[in-house]
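Engineer: Please model the complete structure; the sequences and the hints are all you need to start from.
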Amino acid sequence: MERVVVSMQDPDQGVKMRSQRLLVTVIPHAVTGSDVVQWLTQKFCISGEEAQHLGAVLVQHGYIYPLRDPRSLVLRPDETPYRFQTPYFWTSTLWPAAELDYAIYLAKKNIRKQGTLVDYEKESYDRLHTKINHAWDLVLMQAREQLRAAKQRRKGDRLVIACQEQTYWLVNRPPPGAPSVLEQSPGRGSCAASHVHMTKRADFYKQEIEYCRRALGRTRVKSSVCLEAYLSFCSQRGLHDPLVSGCLPSNPWISDNDAYWVMNAPTVVAPTKLRVERWGFSFRELLEDPVGRAHFMDFLGKEFSGENLSFWEACEELRYGAQAQVPTLVDAVYQQFLAPGAARWVNIDSRTMERTLEGLRQPHRYVLDDAQLHIYMLMKKDSYPRFLKSDMYKGLLAEAGIPLETKKRVFPFSRRPRHSSPSPALLPTPVEPTAAGGPGGGDGVA
Amino acid sequence: MCDQTFLANVFGSCDKCFKQRALRPVFKKSQQLSYCSTCAEIHQVAERVEALGQFVMKTRRTLKGHGNKVLCMDWCKDKRRIVSSSQDGKVIVWDSFTTNKEHAVTMPCTWVMACAYAPSGCAIACGGLDNKCSVYPLTFDKNENMAAKKKSVAMHTNYLSACSFTNSDMQILTASGDGTCALWDVESGQLLQSFHGHGADVLCLDLAPSETGNTFVSGGCDKKAMVWDMRSGQCVQAFETHESDINSVRYYPSGDAFASGSDDATCRLYDLRADREVAIYSKESIIFGASSVDFSLSGRLLFAGYNDYTINVWDVLKGSRVSILFGHENRVSTLRVSPDGTAFCSGSWDHTLRVWA
Numbered sequence: 001m002e003r004v005v006v007s008m009q010d011p012d013q014g015v016k017m018r019s020q021r022l023l024v025t026v027i028p029h030a031v032t033g034s035d036v037v038q039w040l041t042q043k044f045c046i047s048g049e050e051a052q053h054l055g056a057v058l059v060q061h062g063y064i065y066p067l068r069d070p071r072s073l074v075l076r077p078d079e080t081p082y083r084f085q086t087p088y089f090w091t092s093t094l095w096p097a098a099e100l101d102y103a104i105y106l107a108k109k110n111i112r113k114q115g116t117l118v119d120y121e122k123e124s125y126d127r128l129h130t131k132i133n134h135a136w137d138l139v140l141m142q143a144r145e146q147l148r149a150a151k152q153r154r155k156g157d158r159l160v161i162a163c164q165e166q167t168y169w170l171v172n173r174p175p176p177g178a179p180s181v182l183e184q185s186p187g188r189g190s191c192a193a194s195h196v197h198m199t200k201r202a203d204f205y206k207q208e209i210e211y212c213r214r215a216l217g218r219t220r221v222k223s224s225v226c227l228e229a230y231l232s233f234c235s236q237r238g239l240h241d242p243l244v245s246g247c248l249p250s251n252p253w254i255s256d257n258d259a260y261w262v263m264n265a266p267t268v269v270a271p272t273k274l275r276v277e278r279w280g281f282s283f284r285e286l287l288e289d290p291v292g293r294a295h296f297m298d299f300l301g302k303e304f305s306g307e308n309l310s311f312w313e314a315c316e317e318l319r320y321g322a323q324a325q326v327p328t329l330v331d332a333v334y335q336q337f338l339a340p341g342a343a344r345w346v347n348i349d350s351r352t353m354e355r356t357l358e359g360l361r362q363p364h365r366y367v368l369d370d371a372q373l374h375i376y377m378l379m380k381k382d383s384y385p386r387f388l389k390s391d392m393y394k395g396l397l398a399e400a401g402i403p404l405e406t407k408k409r410v411f412p413f414s415r416r417p418r419h420s421s422p423s424p425a426l427l428p429t430p431v432e433p434t435a436a437g438g439p440g441g442g443d444g445v446a
Numbered sequence: 001m002c003d004q005t006f007l008a009n010v011f012g013s014c015d016k017c018f019k020q021r022a023l024r025p026v027f028k029k030s031q032q033l034s035y036c037s038t039c040a041e042i043h044q045v046a047e048r049v050e051a052l053g054q055f056v057m058k059t060r061r062t063l064k065g066h067g068n069k070v071l072c073m074d075w076c077k078d079k080r081r082i083v084s085s086s087q088d089g090k091v092i093v094w095d096s097f098t099t100n101k102e103h104a105v106t107m108p109c110t111w112v113m114a115c116a117y118a119p120s121g122c123a124i125a126c127g128g129l130d131n132k133c134s135v136y137p138l139t140f141d142k143n144e145n146m147a148a149k150k151k152s153v154a155m156h157t158n159y160l161s162a163c164s165f166t167n168s169d170m171q172i173l174t175a176s177g178d179g180t181c182a183l184w185d186v187e188s189g190q191l192l193q194s195f196h197g198h199g200a201d202v203l204c205l206d207l208a209p210s211e212t213g214n215t216f217v218s219g220g221c222d223k224k225a226m227v228w229d230m231r232s233g234q235c236v237q238a239f240e241t242h243e244s245d246i247n248s249v250r251y252y253p254s255g256d257a258f259a260s261g262s263d264d265a266t267c268r269l270y271d272l273r274a275d276r277e278v279a280i281y282s283k284e285s286i287i288f289g290a291s292s293v294d295f296s297l298s299g300r301l302l303f304a305g306y307n308d309y310t311i312n313v314w315d316v317l318k319g320s321r322v323s324i325l326f327g328h329e330n331r332v333s334t335l336r337v338s339p340d341g342t343a344f345c346s347g348s349w350d351h352t353l354r355v356w357a
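Protein sequence lines correspond, in order, to chains A and B. Each step along the first sequence adds one to the number in the UniProt record's numbering, with nothing skipped, and position 254 is 254. Each step along the second sequence adds one to the number in the UniProt record's numbering, with nothing skipped, and position 64 is 64.
Honestly, the hints are just simulated from the structure, not real lab data. Treat the hints with care, as some may be off.
[To be verified] What the simulated footprint calls covered on chain A by chain B, stretch by stretch (three residues with Cβ under 8 Å from a Cβ of chain B suffice, anywhere in the stretch; the number is not a length):
1. 53 to 61
2. 101 to 109
3. 222 to 234
4. 254 to 268
5. 387 to 397
[Unchecked claim] Within a straight-line C-alpha distance of at most 27 Å, the following computed DSS-like cross-link-like pairs (lysine-lysine) qualify:
6. K77/B <-> K43/A
7. K43/A <-> K283/B
8. K222/A <-> K318/B
9. K394/A <-> K273/A
10. K101/B <-> K149/B
11. K77/B <-> K64/B
12. K90/B <-> K151/B
13. K90/B <-> K149/B
14. K302/A <-> K389/A
15. K380/A <-> K77/B
16. K318/B <-> K16/B
17. K77/B <-> K273/A
18. K318/B <-> K43/A
19. K222/A <-> K149/B
Idealized CB from N, CA, C, for every residue including glycine.
Structural biologist: So, in structure tokens, the structure goes:
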């Protein structure tokens with residue numbers, strides 16, 4: 001922020017400064033609100049609204065203060081005069097605003113003109129009076145001294161200094177109800193090494209060496225190739241992105257009509273055309289969509305390789321399941337898919353099978369990872385392309401319809417009642433036949 | 001790694017990112033500029049992409065009900081429900097389409113900085129200054145007190161900054177101010193894996209959308225973004241080009257890259273296969289830090305919420321800003337795109353959440 005303010009004060013390229021007349025005194029080096037906004041617009045090539053916002057934020061943080069109405073820190077884009085705050089008072093100096101200084105300031109105000117303290121200021125004054133009662137004489141003395149010294153300056157300077165101080169205290173002790181710009185999230189300030197035990201022991205260095213070795217050995221792709229990949233990804237998905245190309249029948253948030261969600265519900269009988277197209281983008285898309293997965297399962301059934309998908313689903317359940325269920329799940333998977341002569345034996349190559357059986361002696365969550373990956377790649381490279389070329393998929397694509405766009409309503413004020421949908425927490429957990437043969441995937445909700 | 005070696009005659013400050021690098025000439029609207037190799041590459045891509053149309057996004061719903069700063073929010077998979085948490089310890093579940101509140105829980109601590117919705121929609125997790133992550137199963141039974149069924153899952157030695165369920169309701173990944181991330185089993189509260197390597201507080205994390213689903217990225221106060229392997233607990237890659245704390249990280253929808261937003265007022269895109277930063281999203285007029293970032297469904301748009309109360313929308317491929325959204329009256333603390341990409345929700349310190357579309 002300082003950078004911006006300093007460049008604003010630059011005599012050649014900064015904001016135009018003029019002397020302003022305020023009542024009867026002349027204040028030098030003042031700028032008008034509209035000048036500030038205009039300068040910001042030009043310098044940063046931004047819109048007027050944004051410049052107004054940026055200017056307002058600068059005023060809120062106390063870098064620019066208004067001369068005429070110093071009680072509220074807002075930027076008015078007109079002829080209201082403003083001045084730049086002295087660096088002494090900048091918030092970034094992180095000079096803590098001490099209670100004693102605040103007491104002196106309030107005492108000065110009180111002495112100068114009785115009764116100009118606003119309610120919250122009066123409250124603070126009383127509170128401080130009780131708190132630092134012992135030093136109260138010092139406070140009053142300081143206040144009187146400062147007032148006396150100020151009387152010896154010109155009226156213009158006095159006004160300026162008074163405004164500066166007032167702004168500083170408005171920022172540091174905001175009136176109740178106004179948001180304080182100095183608030184921070186807790187905890188972050190000290191990223192001290194107190195809780196980080198990065199002691200430079202041999203272990204730490206060994207880890208670093210290992211990490212660097214792995215980093216050197218890793219294959220990297222040319223960044224131009226990666227950027228190409230983003231380009232093709234974005235253009236492929238562009239039509240499917242509601243925020244980029246809109247959605248049919250209509251965006252529920254704009255039209256208050258949840259038909260879009262009804263049509264694209266997770267388990268719907270007739271998926272839309274866009275949805276069916278998405279299944280062709282990647283294997284992951286197909287598996288993530290419950291309808292797609294069901295159709296793929298049918299297709300595999302026809303090819304007598306349905307156990308592959310079931311095995312994969314069982315492994316996923318194991319990987320993300322509860323820790324306590326790991327041994328039982330592993331056992332169930334073994335019995336059903338891997339044991340010789342099992343009901344739904346999966347075809348894994350012998351090396352992977354050996355490694356898996358070896359690992360089954362000490363079953364843990366990731367013991368079936370190798371086998372799962374092998375089966376996944378098998379489905380991806382073999383069954384998936386066939387599915388996409390199959391008549392079944394082509395039929396689905398042809399059947400799927402494109403929803404009609406709902407016409408925009410003529411009267412924008414008639415709002416359709418927004419229907420609430422049943423919460424997923426209320427729905428009974430769906431019971432699907434899983435590998436373990438038990439009830440639905442251990443969702444753990446009664 | 002620079003993939004195109006070129007003869008550099010000029011060495012100086014790049015016209016786009018102002019870093020001191022070896023420069024190449026680049027022609028933009030028949031004007032010659034000098035870009036460093038990173039900016040030149042993204043410029044080449046930008047040339048081939050057609051510009052997006054005019055963007056009109058407005059606040060479609062305003063959710064009022066929190067009595068204090070909103071710190072975090074998450075969407076449910078049903079695309080309309082959200083959970084949000086605030087400074088005074090309240091965690092509220094809303095149906096944001098109808099703006100009705102469905103559940104409310106009061107946590108025993110203040111500054112609830114992390115909250116997450118379970119994939120099944122049946123539970124929520126939240127945590128903050130109490131150093132713990134608690135899971136509450138959602139129930140509609142009027143007689144039951146939600147706080148009674150609370151399950152305390154994670155235990156850290158400093159505040160909880162982020163949490164997220166993995167693919168199921170039974171595992172939670174957490175990030176904490178003590179510099180570590182951890183993977184927990186919800187049922188038993190057991191620690192499954194811990195991830196050490198950050199030199200300071202970890203502020204954010206995101207799970208990779210990849211098929212083998214094994215990695216996640218975390219960003220912290222040590223300006224590093226690190227990618228971890230969930231199975232071994234090792235750090236796979238680390239990126240350190242930011243100049244200040246990284247407040248938010250989010251994966252690109254394809255899983256090959258991620259974006260990060262930081263207090264240095266920039267958002268950067270890092271590619272995992274090329275192992276480097278490939279784009280910087282910054283503007284001279286943006287002087288406040290980015291607190292939260294998220295991608296749209298196709299990855300073409302990057303939404304970033306800033307501490308100067310605005311939300312900037314960036315075009316990821318062109319590297320330029322598409323539009324700026326005003327509306328909040330205090331800093332934007334959290335921003336998430338809905339699961340089907342129809343809208344995004346932002347939460348702010350002005351006690352409200354807004355849904356934009």
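Engineer: So which of the earlier hints does this model not fit?
Structural biologist: 2, 5, 6 and 19
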